[in-house]
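Q: Sequence:
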Amino acid sequence: MNNIGIMGHSRGGEAVVIAAAFNRLSHYPDDANVKFNFNFNIKSVFAIAPVDGQYKPAGVFTPVENVNYMVIHGSHDGDVSSFNGLRAFQRIKFTDGKPWFKVAWYVYRANHGQWNTVWGNKDNGPRSARSLDLRGLITPEEQRQFSKVTIGGFMEATLHGKSEYLPMFRDHRTIGAWLPKTMYVTRFQESGFKSLATYEEDVDVTTGSVPGVTLSGDSLATWKENVLNLRSGANDPINTNVVTLGWNNHIRGDDTTKLGKPASYTITLSDSLTAALRVGAQSAIYLSLAPTDAKPGPRAPFRDTTKKADSTKKDSASKAPAKKPEAKPGKDSTPVDLSIEVVDAAGHAARLPITRYGMPRRPLEIHILRRHDQEQQRYPTQYELVLQTYVMPLVDFAQAAPGFDPNHCGPSGWCSTSSLPGRSWWTTSASRPRLAHSLRGISRDASLTP
Numbered sequence: 002m003n004n005i006g007i008m009g010h011s012r013g014g015e016a017v018v019i020a021a022a023f024n025r026l027s028h029y030p031d032d033a034n035v036k037f038n039f040n041f042n043i044k045s046v047f048a049i050a051p052v053d054g055q056y057k058p059a060g061v062f063t064p065v066e067n068v069n070y071m072v073i074h075g076s077h078d079g080d081v082s083s084f085n086g087l088r089a090f091q092r093i094k095f096t097d098g099k100p101w102f103k104v105a106w107y108v109y110r111a112n113h114g115q116w117n118t119v120w121g122n123k124d125n126g127p128r129s130a131r132s133l134d135l136r137g138l139i140t141p142e143e144q145r146q147f148s149k150v151t152i153g154g155f156m157e158a159t160l161h162g163k164s165e166y167l168p169m170f171r172d173h174r175t176i177g178a179w180l181p182k183t184m185y186v187t188r189f190q191e192s193g194f195k196s197l198a199t200y201e202e203d204v205d206v207t208t209g210s211v212p213g214v215t216l217s218g219d220s221l222a223t224w225k226e227n228v229l230n231l232r233s234g235a236n237d238p239i240n241t242n243v244v245t246l247g248w249n250n251h252i253r254g255d256d257t258t259k260l261g262k263p264a265s266y267t268i269t270l271s272d273s274l275t276a277a278l279r280v281g282a283q284s285a286i287y288l289s290l291a292p293t294d295a296k297p298g299p300r301a302p303f304r305d306t307t308k309k310a311d312s313t314k315k316d317s318a319s320k321a322p323a324k325k326p327e328a329k330p331g332k333d334s335t336p337v338d339l340s341i342e343v344v345d346a347a348g349h350a351a352r353l354p355i356t357r358y359g360m361p362r363r364p365l366e367i368h369i370l371r372r373h374d375q376e377q378q379r380y381p382t383q384y385e386l387v388l389q390t391y392v393m394p395l396v397d398f399a400q401a402a403p404g405f406d407p408n409h410c411g412p413s414g415w416c417s418t419s420s421l422p423g424r425s426w427w428t429t430s431a432s433r434p435r436l437a438h439s440l441r442g443i444s445r446d447a448s449l450t451p
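Here the numbering used here runs 1 ahead of the position in the sequence shown, where the first position is 1.
In case anyone wonders, no lab produced these hints; they're calculated from the structure. None of these values were measured; they are calculated from a predicted model. Every residue gets a Cβ at the ideal spot worked out from N, C-alpha and C, and that includes glycine. Incorrect hints may appear among the rest.
Unchecked claim - With a straight-line Cα cutoff of 27 angstroms, these simulated DSSO-like cross-link-like pairs (lysine-lysine) come out: (1) K149 to K163; (2) K44 to K99; (3) K36 to K123.
Unchecked claim - Ranges of calculated distance between the beta carbons of each label pair, as one might list FRET restraints: (4) G13 to K259: 56 to 66 angstroms; (5) N3 to K225: 45 to 55 angstroms; (6) F23 to R136: 40 to 50 angstroms; (7) T267 to L26: 17 to 27 angstroms; (8) K259 to R128: 57 to 67 angstroms; (9) P100 to E202: 18 to 28 angstroms; (10) R279 to M184: 29 to 39 angstroms; (11) D237 to L160: 28 to 38 angstroms; (12) N4 to T215: 37 to 47 angstroms.
Let's have the full structure, built from the sequences with the hints guiding it.
A: This is the structure in structure tokens:
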């Protein structure tokens, strides 16, 4: 009873979060005349396709601190059709300095019921095969194979202290041979994480989440901060904000091969903040992002504002026939890639492709219902925008560029730049797409360094 993990499915997935919160309370939040006396040593909470917010203690989403948390959700869930567990993932806080972590798995083509051997593939009852499109689901055996591997690894890591299981949560490709042949998007964070830019503290796009963090962009077509919503729409936010970045390095004009300066998005740390965070070779950069399917238009050509305008050209140009407006950009199918560049205080840079730490996936198309017209009426988008977390140890950058010193934090500070090739849009909490990104931060926990 000193080493407890609890697990729940669907409404039970919300119940285990509530249990973890109530476990440490002395009174029932909705009626303080009811006293609690639990205080079990619950270390781990596992939620399978949970709902969230069906019960709100004291009228708020259930807050939870200092417990390991893992949630799994299928893209083709015909009952809980949005990844509600992401909200609980966002709310889990680590405040006591102990080695906790949290992880979220989004499993493409998994449904709501096949996680167990009873509910099956008809998520809305025995007759729901008439309305649900079951053709794209992975098999029940594959779905449960995934849960066996991930639940087992989570419990081994959190209850038995086996840190050798941790890499599977940072990059699921390390256990690819054990997992069903489908696609995955994963979120990860551990207690050593320190936020640099969550885009939630104010409406200034140039400031980070803590003093000493400066944000800047160069050659971006789109740069804005906004809220990230679940698939169910604007009335169902995940309770996190993102920065949305868009870029296209191709110059507008007849010459479609002409390229401009590569776009970039930079996070700069002051020397005092770098010292306070004790950034060094054992630190790691965290980046959570998701490409979108929006296609940015060509970049406008550079205009030299130092030259005086030529009035004769202006007059002749005014007589020229008006050009037809450019067509609205459609969906972008360009493969997504970008580079992460870190620069030390001496100006030495190191750069690595993000694909070294995971694949940036465009939104995965979802068809839960047989009739596509009904699905389009029910959901604003035909995908769930789930951010993928990339954990990038600074030691990798030092090995890639021997001149780069992650321990060198002088008066110039330290910065990280995302170099954005081609055309792209990002949305984050940036590749040749649109990209959403959040939870840009840094970790000092060396236990996850391979």
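Q: If a hint holds in the structure, say so; if it doesn't, say that too.
A: Going through the hints against the structure:
Among the hinted pairs, K149 with K163 is consistent with the structure: their alpha-carbon atoms are about 17 angstroms apart, no more than 27 angstroms. With a C-alpha separation of about 11 angstroms, the suggested pairing of K44 with K99 holds against the 27 angstroms cut-off. The straight-line distance between the Cα atoms of K36 and K123 is roughly 41 angstroms, outside the 27 angstroms bound, and the hint therefore fails. The given range of 56 to 66 angstroms is respected by G13 and K259, whose C-beta atoms sit roughly 58 angstroms from each other.
Separated by about 49 angstroms at the C-beta atoms, N3 and K225 satisfy the suggested range of 45 to 55 angstroms. Hint check: F23 to R136, Cβ distance near 42 angstroms, so the stated range 40 to 50 angstroms holds. As the Cβ distance of T267 to L26 is approximately 43 angstroms, the hint placing it in 17 to 27 angstroms is violated. With their beta carbons about 59 angstroms apart, K259 and R128 fall inside the hinted range of 57 to 67 angstroms.
Checked against the given bound of 18 to 28 angstroms, the beta carbons of P100 and E202, roughly 27 angstroms apart, stay inside it. For the pair R279 and M184, the supplied restraint of 29 to 39 angstroms holds, since their beta-carbon distance comes to about 37 angstroms. Remark: the range hint 28 to 38 angstroms for D237 to L160 is upheld by a beta-carbon distance near 33 angstroms. At roughly 44 angstroms, the beta-carbon separation of N4 and T215 lies within the given 37 to 47 angstroms, and the hint holds.
Of the numbered hints stated above, those contradicted by the structure are hints 3, 7, listed in ascending order.
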